[in-house]
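So the sequences go chain by chain: P and W. Every number in our numbering is 32 more than the matching position in the first sequence, counting from 1. Every number in our numbering is 591 more than the matching position in the second sequence, counting from 1.
In case anyone wonders, no lab produced these hints; they're calculated from the structure. Any given hint might turn out to be false.
Stated by the list, open to error - Facing chain W, a subset of chain P residues (Cβ under 7 angstroms, in silico): (1) Q270; (2) H276; (3) A278; (4) L282; (5) T327.
Claimed, not checked - Beta-carbon label-pair distances, calculated as ranges: (6) P:A228 x W:E635: 32 to 40 angstroms; (7) W:A705 x P:A245: 28 to 36 angstroms; (8) P:S135 x W:R735: 17 to 25 angstroms; (9) W:D655 x P:H214: 24 to 32 angstroms; (10) P:V236 x W:A741: 42 to 50 angstroms; (11) P:V454 x W:L744: 49 to 57 angstroms; (12) W:E635 x P:A245: 35 to 43 angstroms; (13) W:A705 x P:S470: 46 to 54 angstroms; (14) P:V320 x W:A741: 54 to 62 angstroms.
Every value quoted in this text rests on a predicted model; they were computed, and no experiment measured them. Where a beta carbon is used, it is the ideal one built from N, C-alpha and C, also for glycine.
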Amino acid sequence: MTARPRLDDYRIILAYSGRVAIGLGAVYAVPLAVAALEGEWAAFVDLSIGCSASLALGAALASLMPREARPGWLHGMVATAVSWLLEMFLAAIPYRLSGHYASWLDSLFDAMSGFTTTGLTLVQDLDHLSRALNTWRHVVTFVGGQGVVVLALSFLVGGSRGGYELYVGEAKDERLFPRVAHTAKAIWKISAVYLAVGVGALWVAGLSIGLPAKEAFYHGAWVYMAAWSTGGFAPMSQNVGYYHSAVYELVCVAFFLAGSLNFALHHALMTGNRRELARNAEVISFTVTFAGLFTLAAWALAGSGTYGGIATLLRKGFYHVISAHTTTGFMTVAARQFAREWTPLALCAMILAMMAGGSACSTAGGVKGMRVAMLWLAIRNEVRALLLPSHASFRRRIHASGDRDLGDGVVKGAALVALLYVATWVLATMAGVAAGYSPMDAAFEGASVTGNVGLSIGVTAPGMPAALKVVYLLVMWVGRLEFMAVLALGRFVLSAFGRRRP
Amino acid sequence: MSRVALAPGMAAAALLLAALVPAPAFAEDPPPSAVTDLVERAAELDGRRVALEGEAIGSPMIRDSGAWVNIADRSGALGVWMGAETARGIARFGSYGAVGDTLRVTGVFHRACAEHGGDMDVHADGTIVTAPGRPVAHPVPAGRVVAALALALVAAGAVAALAAFGQDRGPRTPPPGYPGSAKSS
């Protein structure tokens with residue numbers, strides 16, 4: 033049995049969570065500035081309460097750090113899981129105060145949906161939301177995409193030990209530099225470059241489709257943050273369908289596709305290693321699975337006759353399959369159109385795309401292209417080993433920003449996470465069926481929640497059962513952290529009730 | 592072609608006009624459908640004339656050959672393709688600071704419009720304002736302002752205290768014997 037934690041263990045975990053909360057308090061400056069600029073004083077007061085609560089609680093918790101303490105793996109993992117829950121509560125404050133959410137549960141749901149870059153929403157009357165609160169929703173998604181812990185690592189925790197454990201706990205394990213604080217800062221630099229380019233591109237696209245200049249800028253900034261983070265939130269209730277523009281959709285695709293790529297790949301490309309794009313196992317894996325699933329969906333949709341012309345079929349099919357596969361969740365159809373207009377086979381292709389997901393160490397969710405590639409190569413290697421003479425040997429490697437050994441331990445780890453994803457999806461689906469939804473609707477929404485996607489078939493709505501909201505909220509959290517940090521928290525809680533160490 | 596084109600500020604007059612001088616063709620118009628109904632019965636209603644009543648939201652998007660105006664009712668929102676002049680005539684669009692004009696639109700419903708990339712839409716041939724929009728004030732509750740100020744003071748004090756006394760209290764050594772700490776792992 034695991035030894036019972038000491039007081040210092042609790043203090044370390046809470047202190048790190050406190051530092052992450054201070055980081056969130058600092059991030060509140062962005063929507064506060066928008067509120068002041070736009071004269072939205074009611075929203076300003078609501079946001080300032082959230083900001084002050086984050087800073088006050090964060091500072092109080094951060095002061096608990098023991099003088100002679102250093103965190104280990106378990107502290108880092110547990111602190112990450114706790115941080116995400118704490119951030120959810122602190123980010124939900126202005127949501128609840130705004131009057132656009134029916135309950136605290138709905139506010140918490142949206143905060144978790146934002147941080148996990150899922151994009152499912154329970155907001156009411158979205159079309160009349162203040163610019164400041166819309167900014168906050170999208171900033172939450174943007175921060176969540178890079179990782180709330182990465183934010184704290186970049187600016188608050190950097191010099192101390194335990195940073196790597198926190199970083200890995202947030203399901204990011206690529207080191208662009210030897211020091212994890214430098215890696216975290218590099219992730220933010222990459223995102224900042226894309227932020228400038230993305231907001232500019234979407235601003236121009238917005239102007240070209242007839243939006244007024246100021247609206248085009250705000251929409252550009254919001255949609256960029258949601259796209260890059262593969263988040264799926266949008267400022268209007270029709271999501272990207274509001275814009276009625278192929279150009280706008282294409283610009284979105286460019287940025288959410290970029291956001292779904294591994295930060296290590298971005299780093300390689302930005303430092304001149306362009307060959308990596310063609311060799312990278314995750315890119316190859318994504319290309320193959322996307323091509324297969326898009327073909328399947330297009331074939332199924334063509335058979336249904338929903339989209340008469342090839343151009344409309346390709347536009348709707350391509351946009352939604354790539355939105356699903358990158359786990360973005362942008363939509364240009366109404367949620368119920370999936371249920372009413374798309375065939376079961378097309379929906380199955382969408383479910384598989386949502387579960388496969390984007391790249392590891394990116395803003396995307398899902399099983400991840402790296403694990404799909406690892407499992408495919410492992411199967412191929414096993415078949416190859418069967419066909420070769422027993423004494424023959426060959427190299428088992430995978431290329432992703434460098435060659436890596438594909439040993440049994442690595443394959444086992446990938447298979448375990450993939451299995452846990454499938455098990456979580458089954459659980460989410462069963463919860464949906466138990467709540468009275470059809471198996472297909474429940475399976476679709478379950479995949480969307482598990483893969484942190486955000487596409488909806490109409491299940492997620494303010495009127496859905498509260499118990500299902502809680503299940504989806506927890507599944508989003510578990511899926512985003514890829515189980516490890518949450519399992520560590522579970523072990524920690526169990527050990528707290530175990531025998532005290534002698 | 593749009594039946595009625597409104598000049599800015601003329602919404603109330605149009606409302607009165609619509610009430611007093613009903614257009615003969617309106618007698619043949621179908622009753623307004625909710626957006627949800629259109630989505631749920633899309634296959635059945637595809638290519639048929641429908642009526643839709645709801646609030647103009649966001650902004651009009653004027654394109655070369657027409658304009659998009661998105662209309663929301665209590666059940667959802669849908670894009671309406673109409674003449675640019677008609678769109679320009681809508682005085683107020685729904686946003687944080689306003690309830691938009693309520694429009695009654697008649698036109699042809701498309702389940703997946705071939706002209707517009709497969710979007711579900713209505714091509715309007717008649718648009719009237721049935722209720723003018725209005726600005727919306729968002730007063731700040733005094734009690735909430737007091738709470739925000741008090742909390743801001745607490746936060747400032749906590750952060751200042753951490754900066755003064757807590758900066759050098761970064762972790763140094765692991766707690767002895769705990770799993771994952773340097774000593775036990």
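Against the structure, the hints come out as follows:
{"no.": "1", "hint": "Q270", "result": "holds, 5 angstroms"}
{"no.": "2", "hint": "H276", "result": "holds, 5 angstroms"}
{"no.": "3", "hint": "A278", "result": "holds, 5 angstroms"}
{"no.": "4", "hint": "L282", "result": "violated, 11 angstroms"}
{"no.": "5", "hint": "T327", "result": "violated, 18 angstroms"}
{"no.": "6", "hint": "P:A228 x W:E635: 32 to 40 angstroms", "result": "violated, 48 angstroms"}
{"no.": "7", "hint": "W:A705 x P:A245: 28 to 36 angstroms", "result": "holds, 32 angstroms"}
{"no.": "8", "hint": "P:S135 x W:R735: 17 to 25 angstroms", "result": "holds, 19 angstroms"}
{"no.": "9", "hint": "W:D655 x P:H214: 24 to 32 angstroms", "result": "violated, 50 angstroms"}
{"no.": "10", "hint": "P:V236 x W:A741: 42 to 50 angstroms", "result": "holds, 45 angstroms"}
{"no.": "11", "hint": "P:V454 x W:L744: 49 to 57 angstroms", "result": "holds, 50 angstroms"}
{"no.": "12", "hint": "W:E635 x P:A245: 35 to 43 angstroms", "result": "holds, 41 angstroms"}
{"no.": "13", "hint": "W:A705 x P:S470: 46 to 54 angstroms", "result": "violated, 30 angstroms"}
{"no.": "14", "hint": "P:V320 x W:A741: 54 to 62 angstroms", "result": "holds, 58 angstroms"}
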